[in-house]
Amino acid sequence: MTDRIDNALDCWRHRMDWRPVSGTPRLSGRWALVVADLDDGAQFAAVLRQYGAEPILIPAGNRSAMADCLRIFRGLNGVISLLALQESDEDLPPGVASTVYLMQALGDAGLAVPLWCVTRGAMTTGGDPVQALLWGLGRAAVLENPHRWGGLVDLPGDLDEHTARHFVTALSHHGGDNRFAVHKDGLYAARTVREPGHDWTPRGTVLITGATGALGTRVARWAAAQGAEHLVLVSRRGPAATEAAELRKLLAGTRVTMAAADVTDEASLARVKAECGPIDAVVHTAGHDPVGPLPELRPADLLTRVVGARNLDRVFAGTTLDAFVLMSTLDGVRGRLGQGAAAATSAYLAALAARRRARGGRAHALAYDCRVTDDLRIFVFPDVLDNPGLTHDLRERSADFAATYAECERQLARYTDPLHGRDWATMVALAAMWRARGVRPARVLGHGVGEIAAAVVSGSLTLEEGAKAIAVRSQEMVAVSLPESEVADRIARWQGRIGVLAVEGPESVVVSGDPAAIDELTFRFRAGRITVRRLVRASAGNAEAFERTLAAYRAHGYRLIEMTTPPVPAEDRLHWLEVG
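To convert, count from 1 in the sequence shown and add 1421; that's this note's numbering.
Treat the hints as calculated values from the structure; they're not laboratory data.
Among these hints, one or two may not hold up.
Claimed, not checked - Once the Cα atoms are required to be at most 16 Å apart in a straight line, the calculated EDC-like pairs of lysine to aspartate or glutamate come out as:
1) K1605 x D1581
2) K1889 x D1935
3) K1694 x D1683
4) K1605 x D1579
5) K1605 x E1582
6) K1889 x E1830
7) K1670 x D1821
8) K1889 x D1821
9) K1889 x E1828
To be verified - Taking CB as the label site, the calculated pair distances span:
10) D1489 x E1717: 16 to 22 Å
11) D1581 x T1678: 29 to 35 Å
12) Q1464 x D1489: 24 to 30 Å
13) R1969 x A1486: 26 to 32 Å
14) A1972 x V1924: 41 to 47 Å
Computed from a prediction, not measured in an experiment: that's the story for all the values here.
Here a beta-carbon is modelled for each residue, glycine too, at the ideal position from N, C-alpha and C.
Turn these sequences into a full structure, and let the hints steer you where they fit.
See below:
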């Protein structure tokens, strides 16, 4: 049985390999060369001209500027981006950002011509992980715009006669390949092949970033079950995170240190290492890749996981580790619509792991299938609950629900009648009930009252702040046709239950407060022939826009969990693929 399991696991482990390809280097028609460096542009233009093409140089710019340039040139046979060849010490080199804008500019210009991106040293052993970002973007581009994607060509340092010939062979290749690497001895096309497994059994101290997230929690529980003696769980808020107490319960029996650190801050990671060391293994799960098609991608979206991984690599550069594991999503390996950021960061992490191995260290990139984890789950909080009996039923059935609901009522009672916040309290308690059963969402969305519930569940507001917001929202408003000074005297009898909200004019004042007190004020004022107008409070947010947002998330494969339904206990399996 053990051998059968090991064989099954080996089927999940893959790496990129290269096979030699051949062809005739021949081009024709007009080809646009988008360049940041005119020297590189001139050299490549000469190569294209030598093999039959008419090159046109287009300078790098912002999205709209490049789209305007591309509109001028019709009848193009292809576009070649040399933007990634621009070197920089920045987290995200301008060449990578410019390439993203170029992909978008082609769509803006309405051109359905193939785009070829050129990198230098991205696919060599111990190559540049930043340039590998473009190789990930290509996986999304070929799915989203197959008629606007040519491929990728990785070049060595010098473009001599031999490499130039192989480069043009790649551009004119018709064998179905679109990922090439040029070496002195020939042209190679990328293939994904299986490789033997690399087993790791956790021991000693294991540091996990993003530990209070959905994936981080699962990794922590697995490491504890496998024998890790000490878990250093790193998150932005550390022990102050809303999930910290619950996570400690799940890891009972294992020594746990909750560490507050921002993975994008190298100094804070170094501090955690110094305080919690020695560290035997590192697992990086922090970061969330935004979802959306390439036309909506922002270059900054590519930094979510990248900077944290880079900082960990630097902090543990001189440390001998049992394992250095970088987690990304499987969608970045096999491609998926709307997952351009995930594809790019997955390629970066695989390249970073390869570079670390080239330096003699242990490192692997694991791509997991987020569709069977909480990473594609969203808690949705509506404006109004349509099930009045739900609250009573769940208070009887669930201790987790009852405890959270009681705390919500206690906080509401400090500012208003708890009945006014019943829907809000039910939604917050439902979220606690889902979480108690191990469901941790990637995002939370809300409309109206649900916005306040979502803010509390995400940690943006404390429970007290949420109760205060509900109290303010539940207040009634009326406009009174009296001077402000007279209104102030007349509402004194309600002893702070009603207050002046706004002065609209010399004899028009808006007052707000407890609904029962406002009802009494309205009756008394109208009996005294004082004009009182009820004001309708607009619901927060736009319902149609909210529904459009939900539809977009459904289209990208997210599972929407509405906070109107109790959870059904279920244990999902975590699927993963070793990619580097």
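Inset, instruction - Take the C-alpha atoms of K1694 and D1683, compute the straight-line distance between them, and say whether it is at most 16 Å. - result: holds, 13 Å
**Q.** Satisfaction of hint between D1821 and K1670, Cα-Cα up to 16 Å
**A.** holds, 14 Å
### Task
Starting from K1605, check that the Cα of D1579 is at most 16 Å away, please.
Roughly 10 Å between the alpha carbons, so the hint for K1605 and D1579 holds.
task = Would you check the hint for K1889 and E1830, treating anything up to 16 Å between C-alpha atoms as holding?
result = Satisfied, since the Cα-Cα distance of roughly 12 Å is no more than 16 Å.
Original post:
Does D1935 lie within 16 Å of K1889 when you go C-alpha to C-alpha?
Top reply: Given that 16 Å is the threshold and the Cα spacing comes to 13 Å, the pair holds.
Review point. Does the alpha-carbon distance linking K1889 and D1821 stay inside the 16 Å limit?
Key: violated, 23 Å
*How does the Cβ-Cβ distance of D1489 and E1717 compare with 16 to 22 Å: does it lie in that range?*
holds, 20 Å
Can you let me know if the beta-carbon spacing of Q1464 and D1489 is within 24 to 30 Å? holds, 26 Å
Open item on the list: Assuming the hint says 29 to 35 Å, is it satisfied by the Cβ distance from D1581 to T1678 or not?
Closed with: violated, 54 Å
Hinted pair, alpha-carbon criterion (16 Å max): K1605, D1581. Please report holds or violated.
Distance of about 9 Å is within 16 Å: holds.
query = Within 16 Å, alpha carbon to alpha carbon, are K1889 and E1828?
reply = holds, 13 Å
Item to check | Pair hint outcome, K1605 versus E1582 [Cα-Cα no greater than 16 Å] | outcome: The given pair, whose Cα atoms are some 10 Å apart, holds under the 16 Å limit.
Going down the numbered hints, you'll see the structure goes against 8 and 11, while the others check out.
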